[in-house]
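If you read the sequences in order, they're chains A and B. So the first sequence is residues 1 to 208, counted in our numbering. So the second sequence is residues 1001 to 1467, counted in our numbering.
Honestly, I wouldn't trust all of these hints.
Ranges between beta-carbon positions, derived for each pair [stated by the list, open to error]:
#, chain 1, residue 1, chain 2, residue 2, range
1, A, Tyr140, B, Leu1430, 24 to 34 angstroms
2, A, Glu19, B, Leu1430, 30 to 40 angstroms
3, B, Phe1291, A, Ala67, 25 to 35 angstroms
From the structure, some residues in chain B lie toward chain A, with a derived Cβ separation under 10 angstroms [unchecked claim]:
#, residue
4, Pro1059
5, Arg1207
6, Gly1209
7, Leu1213
8, Ser1286
9, Val1421
To be clear, the hints were calculated from the coordinates, so they are not data collected in a lab. As the structure is a prediction and not an experimental result, all values here were calculated from the model. All residues carry an ideal CB built from backbone N, CA and C; glycine is no exception.
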Amino acid sequence: MNDVAVKQPASAEPVLDAEGHFHIADAPIDLSPYLFEDWIALGLFWLLGLNVFYQFFTRYVLNDSAAWTEEIARYLLVAIVFVAISSATRRTRHIHVDFLYRLIPKPAGRAFSTAIDILRIAFFAVAVWLTYEMMGRMGYYMMTVIDLPVNIVYGFCLFGFAAATIRSVQVAIENWRQGFSLLERPEHAIEEIVTSSSVASPGTEAAR
Amino acid sequence: MTGTLLAAFLALMVTGIPVAIAMAGASLIYILVTQSTPPMAIVHRMISGVDSFPLLAVPFFIFAGNLMNTAGITNRIYNFALGLVGWMKGGLGHVNIIGSVIFSGLSGTAIADAAGLGTIEIKAMRDHGYSKEFAVGVTAASATLGPIIPPSLPFVIYGMVANTSIGALFLAGIIPGLVMTGLMMVTVAYYAHKNNWGGDIKLEWTRVGKAVLELSIVVGFPLAVWAAARLGADAVVATLVAIVLLFLADWIFKFEAVLPIMTPVLLIGGMVSGIFTPTEAAVAASIWALFLGLVWYRTLNFRMFTKVSMETIETTAVVLFIVAAASIFGWLLTATRVTDMVTTWVLSFTDKPWVFLLLVNLLLLFVGCFLEPTAAILIAVPVLMPAVTQLGIDPVHFGLVVVLNLMIGLLHPPMGIVLFVLARVANLSLERTTMAILPWLVPLLASLVLLTYVPEISLWLPRQFYK
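Chain A on its own, in the form it takes in the complex (with noise of 0.2 angstroms):
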């Protein structure tokens, strides 16, 4: 779920060295897989960041915290995380719970994730519209402390829903193409959570 921790070994050397130092290097950095959705949430979390800091400085230098940054900082974090669902949609990277299909027959398996893929795409579609008509009931209602209507962070949020909608039906249509999904192969589970944040290159196993 999460490969920051990628690491690999500086070379084919050993991890530690004959003069007992550690030796491993962050793995290449490959940006091409986000999409439009991620850079969308990389801008609003980099402006997080920079309001926070603003707060943190104002706070502790200057000794008077400006009011507005907090309820920005709370809508931002609103913001991302609906915005970054969609993402993790893409990836497949939600927590969820797959021993059920250790344990069922191959045809069943097909026929729960299937119904998965399904239910999935109509729970985002759900929130979509329910979004929408609460941004209709909201109309101009404004922020506390700023004079901006609620209504942006809410976009967000319908944006996200949206997209989420959108990255599920994809998930779907490329699940029954390849004739199953990550729920009925826990090993490609693991094998994704494993090589996106490892050092186990295939020469090093293979070289003892």
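Could you slot chain B onto chain A? The hints should help.
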């Protein structure tokens, strides 16, 4: 009717829909069936569940943890651990444990941590001729330490759900963490003695001395600030002076890992002394780790910074999506009195705290096999909390028991997720991985029993600070 909600949730979760969707989806089904509230309440509750200032701690804790996990800092931490314990018999086993102590569970994903650090540790140990079984066993066992030793994300999540001081939880983890570290190092020493292993690096007293000195600086820092404050100095000024001296010393003596290891010390110290709220502490830790990576060590470039940000966003969204869904689900559970019924049922079963804790241990060990600890906390703790309160169990102590249980569950045969992950990392069959982990369950379960039934081990330290 109340059964609908729970049944729908369990059915959805077991069939493998994301846990957050299982919660929100079950709530939606319930609301559609009963027509008790407009369905719009689902999204409204979910959004307002995330709209909270304390929750801002989550992304910044994760960010600081991810920054600590970059290679530049990881190498330093392992080199420090090597200097400290690498020369002992079974050296890399000890290094593995100390490494887990320092890394803690900040990055928010216990399973990925086990895979990431585990791969490095297992490879290093294999290179030095340790058996796969020993490498896997010690890696699995030490992975449970991270979230117990503060700072840790599971404690942050627990503190929010149980409405308990996160600072107190962090302090409560220190002594149990050290006890567990001790038990595990004794186990490594036992293996080393039995198999007649040597150390993994040459014993050089200068290096050992330097590592001990670095450790003393890290431990001495908060003590020095505390002493200065007792003598009448302003705590903030004393801290700032101490930090400037620290960087000066680092510049002159080129310490290996004093500054990275200082991250958790500043974070906990700031919270316990009341200078920082948890959110501010998390922001401060992020600023500290960023400063080290971008300015001081210059091991972090812009692309890496982008990547770390992306990973932080993803983990934050995954965790807070469950928080959001739990807020509507939990609200309905309370509104439909399910929580009350569970509490009454549990209390009709037993009114003795020790029986209750035993049952909770068994339940959570089971749940922990399948679920990331953060998700499990968000599901189980709100339901169990009323009973905990009524039985007079300290919520801080209970938090420790919950987190340790869930961590042990992750590696417990036959189903623990970490078991599968490490089997893959070490290229070992599931049967052999199980056999490799079994002996390590002895110190782990011993710690669990000890911490469950001797609350003083966890509560003594926080009581000194939080009355």
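Original post:
Which of the numbered hints above does this structure break?
Top reply: When the structure is compared with the hints, numbers 1, 6 and 7 turn out to be violated.
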